[in-house]
Amino acid sequence: KQEVTQIPAALSVPEGENLVLNCSFTDSAIYNLQWFRQDPGKGLTSLLLIQSSQREQTSGRLNASLDKSSGRSTLYIAASQPGDSATYLCAVRSGNAGNMLTFGGGTRLMVKP
Amino acid sequence: DAGITQSPRHKVTETGTPVTLRCHQTENHRYMYWYRQDPGHGLRLIHYSYGVKDTDKGEVSDGYSVSRSKTEDFLLTLESATSSQTSVYFCAIWAGQSNQPQHFGDGTRLSIL
Numbered sequence: 001k002q003e004v005t006q007i008p009a010a011l012s013v014p015e016g017e018n019l020v021l022n023c024s025f026t027d028s029a030i031y032n033l034q035w036f037r038q039d040p041g042k043g044l045t046s047l048l049l050i051q052s053s054q055r056e057q058t059s060g061r062l063n064a065s066l067d068k069s070s071g072r073s074t075l076y077i078a079a080s081q082p083g084d085s086a087t088y089l090c091a092v093r094s095g096n097a098g099n100m101l102t103f104g105g106g107t108r109l110m111v112k113p
Numbered sequence: 001d002a003g004i005t006q007s008p009r010h011k012v013t014e015t016g017t018p019v020t021l022r023c024h025q026t027e028n029h030r031y032m033y034w035y036r037q038d039p040g041h042g043l044r045l046i047h048y049s050y051g052v053k054d055t056d057k058g059e060v061s062d063g064y065s066v067s068r069s070k071t072e073d074f075l076l077t078l079e080s081a082t083s084s085q086t087s088v089y090f091c092a093i094w095a096g097q098s099n100q101p102q103h104f105g106d107g108t109r110l111s112i113l
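Order-wise, the sequence lines are chains A and B.
Residue 1 is where the first sequence starts when you use my numbering, and the numbers rise one by one after that.
Residue 1 is where the second sequence starts when you use my numbering, and the numbers rise one by one after that.
What the hints contain is simulated information worked out from the structure, not anything from laboratory work.
Be aware that one or more of the hints could be misleading.
Said to hold, decoys possible - Straight-line distance between alpha carbons at most 25 Å, and here's what the computed DSS-like set of lysine-lysine pairs gives: (1) A:Lys42 / A:Lys1; (2) B:Lys53 / B:Lys70; (3) A:Lys42 / B:Lys11; (4) B:Lys57 / A:Lys1; (5) A:Lys42 / A:Lys112; (6) B:Lys11 / B:Lys57.
Just so we're clear, the structure is a prediction, and the values are computed from it rather than from any experiment.
Throw the hints in and build the complete structure from the sequences for me.
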């Protein structure tokens, strides 16, 4: 059974810092990995998707990497801003049919002005 | 934004009453999902559908049933609501290709008194 872990569970940084969020998974036979952002009281917004054959994806100040063999992904946020404050979730698509996502517990990020 | 509409957005009801939540999509995606999100438990899959009239159970399906009579609509029913089903419920859709992200609705906050 796939298990996904995110470390740290919470992070507080001053504005302007570059930061890294970590995600690890137990079964390397994945189809893709997706990073989401969730604001309080809101739904999940898809940030980046990395297919199993890819090593990284970039969108603006966000860069996600994938090391399938070691079961790890990182989300790098450059020059953090208070508006980046949210919970970040990673999820992996795996299993025989590849039709379900397994979610990590999330990292709650606070960027202080 | 992906065209996903959940209704109602908020509902308060009493123990023992039936409750139906609706998810409507305008993307013509094959897969639709119902999750619940609770503090300390993260996102957990309740049921999902892989086509009209094709559904399967997730990890927390007890007490819930689903129906999908049209591609665009996926209903979640609590036959006899209990206080343990107080939660935030999210619908999600996926096209079915590994290069496509899964998208989420804005959620339904359900309180059972």
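Hints versus structure:
no. : hint               : verdict
1   : A:Lys42 / A:Lys1   : 29 Å, violated
2   : B:Lys53 / B:Lys70  : 8 Å, holds
3   : A:Lys42 / B:Lys11  : 16 Å, holds
4   : B:Lys57 / A:Lys1   : 16 Å, holds
5   : A:Lys42 / A:Lys112 : 21 Å, holds
6   : B:Lys11 / B:Lys57  : 24 Å, holds
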